[in-house]
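Chemist: Sequence order for the protein chains is A, B and C. Mapping of the first sequence onto our numbering: position 89 corresponds to residue 89, and the numbering continues sequentially without gaps. Mapping of the second sequence onto our numbering: position 361 corresponds to residue 361, and the numbering continues sequentially without gaps. Mapping of the third sequence onto our numbering: position 227 corresponds to residue 227, and the numbering continues sequentially without gaps.
Hints are all accurate, no fakes.
Quick look at which bits of chain B chain C covers, simulated, 3 or more residues with Cβ under 8 Å:
1) 408-419
2) 451-462
Listed next, with one range per pair, are the computed distances between beta-carbon atoms:
3) Arg15/C - Gln401/B: 33 to 41 Å
4) Val212/A - Arg59/B: 44 to 52 Å
5) Pro207/C - Arg152/A: 34 to 42 Å
6) Arg13/C - Arg555/B: 51 to 59 Å
From chain A, some residues computed to sit far from chain C (all C-beta separations above 12 Å):
7) Val33
8) Ile74
9) Leu128
10) Gly132
11) Leu137
12) Leu141
13) Gly195
14) Gly204
15) Val221
Derived by calculation from the structure, the hints in this document are not laboratory data. We put the CB at the ideal spot given by N, CA and C, even for glycine.
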Amino acid sequence: MVDMLTTTEPVAELPGGERAAGRVRALGTARFVAVKIGGGLVSLLLVVVLGFFLFRALPGNPIRSITTDSHTSIEQIEKLRAEWGMDEPLPGQFVEYLGDLLRWDLGTSFKYKQPVGDLILGRIGPTLLLTGAALLLALVLGLWLGTRAAWRHGSRFDRLATGTSLVLWSVPTFWLGLIALMVFAVALDLFPTAGMTTPGGVDGFLPAVLDVAHHLVLPAVTLTAVTYAQYLMVMRSSLLEEMNADYLTTARAKGLTDDQVRRRHAVPNALLPTVTIIFLHTGLLVSGAVTVETVFSWPGLGLLTYNAIGFPDYPLLQGTMIVLAGAVVVMNVLADLVYRLLDPRVRAA
Amino acid sequence: MSLLEFRDVSVSYAGARTGVPAVRGVSLRLDSGEKLGLAGESGCGKSTLAMSVLRLLPRSATVSGQILLDGEDVGAMSWGRLRAVRWASTSVVFQGAMHALNPVRKVGEQIAEPLVIHHSGPQSAPALRARVNELLGQVELPAAKADAYPHELSGGQKQRVMIAMALACRPRLIIADEPTTALDVIVQAQVLEVLTRLVTEHHLGLIMISHDLAVLAATCDRLAIMYRGEIVEEGDSRTLIRDPQHPHTKALAAAFPTVGDPIYRYAPATLTSPTPQQPAPTPIWGGGRVRGQFTADPRQQDPDPAGHPQVAEVSTAPLLRVDNLRVTFHGRHREITHAVAGVSLDVHEGEIVALVGQSGSGKTTLARTILGLQKPTAGQVIFAGEPIPTTSRGLRAYRRQVQLVLQDPTSALNPRHTVYEAVAEGLRIHRLAGDEHERVAEALRNAELRPPEEFMPVLPQELSGGQRQRVVIAGALALEPRLLVADEPVASLDASVRGEILALLLRLRARLDLAALVITHDLGLAWNIADRVAVMYRGALVEVGPVDDVLANPRHGYTRSLLAALPDSGTVNVQ
Amino acid sequence: MSTGAGRIAWARRRRAAGKLWRDFADSRSGLVGLAALLGIVLIALLAPLWISADDLSVIKATGGILTPPSGEFWLGTDHAGRSVLDLTVYGARVSLLVGIAAAVLSVGIGTIVGMLSGHFGRWVSAVLMRVTDFFLVLPALVLAIALSTMLERGLSTIILAIGVTSWPSTARLVRAQTLTIEARPYIERAQALGGGHPHILLRHVLPAVLPLVLANTTLAVGSAIISESTLAFLGLGDPSKVSWGLMLKQALDTGSVTAGAWWYLLPPGIAIVAVVLSFTLCGRALEIVVNPNLKAGRR
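This is chain A alone, in the form it adopts within the complex (with noise of 0.2 Å):
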């Protein structure tokens, strides 16, 4: 009868039990890994796909049915045509685009008259440091109020937080961006209206850094702005979601502050989800940068997509499209494997 009673818990408690726990833990690891990889890997090629069928296969698209427009001439189209094979069979339209795309070949510009693959790596630079400053500005300070907000919740700094964040989701950021740049810099002078750097140049390296920080702030105001209000609204729901939660009673019983509470229970298990929903959301945060290198000038990856739309340069568009979607997917697939290393639950799944 003994042995049924100690046989009754499910969990292994022999060592043997436990060294083979250990190795599916491993083999799980790998195969996560493996699985996220792979489901990386597919979201790209749906990408490929998605840009292929977005500028060639969509019927009544104006490459197809050749039209004429401002800018574009018939004859820039007719040689498009002719560069991507659109007389050819579907299927092996897209075998020929898929090699150009593996061979970066991604066609000459309309309007820059430039490989488009040359045109777009040139600008990444700055669309990183932009959206990079900002994603880092708004990180601390959505994940810092929204905690603030939610353990005081009901006060009137949580009313000011949440209040304030509800006006800025409300906000188009474009908006945002023209309002701030007619403030401080055209009225108040303090700012750079445009750009990223001086024309001219300024000499030496620190003073070109300084330039170059001095020009970032506006952009990356407008954009922080914009991201903290989400990323404060996420972290403060997390947060008050955990706050009813049993083991957090079970803190207080053993005499923790308040501030211990929070900081070593209740803010851990709340930050976990809120950075699955901020890495999964990074696309909001292309999107802005989008808008707000437009405002601004900024000579990124969003001010060559807005000038391509104008003109409209197709080859161009189709670049970036896949360039800025490709890199949401490959954040995203870093993000989860990184949320793996923070999660315990995670983990043993």
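Guided by the hints, dock chains B and C onto chain A, whose structure is given.
Modeler: Relative to chain A, chains B and C alone:
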């Protein structure tokens, strides 16, 4: 000076709908080394009272009266003093199976945390580790478990971790809040054993809260019964169980029948006895719950409300025959679970069979397979001489014959549907001819919800737990089935309504000749209503036979261990 | 079916609707949002009564170029001499139309995808979720830009571009809710009673997700309006229809920002914020009614 004293303590919640305080004028004393059990049904205020000791109640709660811990008024303590008292002099064993442990921190860290907070013992990392290992050893867990996360532990192991954590700072008083609820009978017995042993060894004071009088009686010296915020009875455990005075205590005591005692055979104890002649309890709209007269003593019951127990004739073909049934699940990591591993079982017409086993024994999978909700891997289910159909049309027709009653009536009813719609749902699915209204009324009457018209427009959440379960039963009866499969039909109901539902099943069998397969973890339930019992262990039936035989002379070791795990007061030596 | 049964069901629905309204009315910010919305919709509907096509025509404009607010033009004039007030009022029509239509399209797709992937397990769910997550992750604006460059300019293109790029979050929400509902024992009870897929989806799941969908639509209108103005600002809107985004694009293109013509810049932007905020306030109030768990936190 006593260890803990409540002096006329009342607790009320701001914004509570009823306006009635959760705890009313409670005075209690506990001396050091004493074990006090606090019993009552859900919502009686027992947890509120316990949490008030360390001022762990939510901010909306107002406490009046005095709570003295070692003579010191808890209400008057400063925050710093209170934090110092928490855990160091009084600790809590929460219901660890739920979320009382932080899911993203190792349990070892969580056990060590109070040691660090209260500077208890040497603070070096190896010393802390040694103390954690020692504590884990005391609750009979291997030291390696310190590196586990809560989700890697079973319910029983989590509860042991909670106990180890409570002992960390060598407190003088432990408050255990439903420490074994949601655990299996056998695991429950193990955890209780560990808890009582440690409390006795360290000469600690213990307040244990439970809805299960039998569990408390087995652990505590003294019992206090709470009902609607008040202590209605208090006294020595054995005397109180043997000779309960207050009607509510009687009802609680009777809800846990003594297996082997003929008084309880085919006679589940009921608080109210809604025999067909009596008016049913009125549905409650917003106001307080209406309770009937207390007639709890099973000895005073109508001795034979259920008709005679029918011993099925072996010669007739069974209504349901389960033939060497197997259900196998494939997990994500290619592990294989044999949830049902070759089960054969018959249910005859008009017979009540109890299928007894712990959670994870495969009994729910078996029930789902019988209903055609789960495809068997091998073997078959034969109903009225024919294998159950596999086409969706055939299954639909089959499900008129066999109906399901689920464990938790609160979640088994769509909260958006009125009682009428819930009962009529099956009729509409099967597009049965005839007057729908009349059929619904008839089903409600059969489930003893009278007058049916009063219940029809009511939403489930406006009913009491027992009434909800009657609605579920009425929904099944509306299709005029021949077999009822009831999966833990009373497990989530309060003790005092448990008997009513069981008695209803017996009366339905008598009146409608309805057969039933009742799935349960509770041997007492089998003793109360079943003709035959089948004991399931790890997917297989280890023992099948008439209730009186099997429970009086268990042959299989598992059946014996189940009987042995019943808390002491519940078992009578039948030999 | 007897009339008694129908009466009980209708009485129940009336009670539920009444309760929904009473709960909603508990939220002061929700009421403020609703009142503001009703006012804005009314103005948008009645705008043609006092604003004629001539008022909006670049050629027939009567005012001076970029004049500050005055008695004649309360909010000044634009680069072509038109009244900014008239333009702003008229712009509400396009913004509301596109916002509501795109939100309905997006939430519709999301609800169907979410319910199906939540109800049918295995590969249906796997494929649908894969697609959902893919679109969720993509930068919706970039996709919408590509889509609207490749299709003919016009309101329907904008609606389509916003609708088909913004449904994934709804799909996830509805799927999660569907899974929650389907885990409830009453679904198993319905199966045991003999109910099939249509019965469970239509009688149990749909009514349970509907309030959530309603709240979600309200919130989605707000973000669709922002998307619309952004696309118009980027030059992808219908240039013949006055909208707030188009006004802001023209303001930037004609140098009103550097000229400091705040009266041209502020009204359309404030209008967008006001409308979006109203929808958001309403949506959040509805969300709390639908999901009382949120109540503790959001007051």
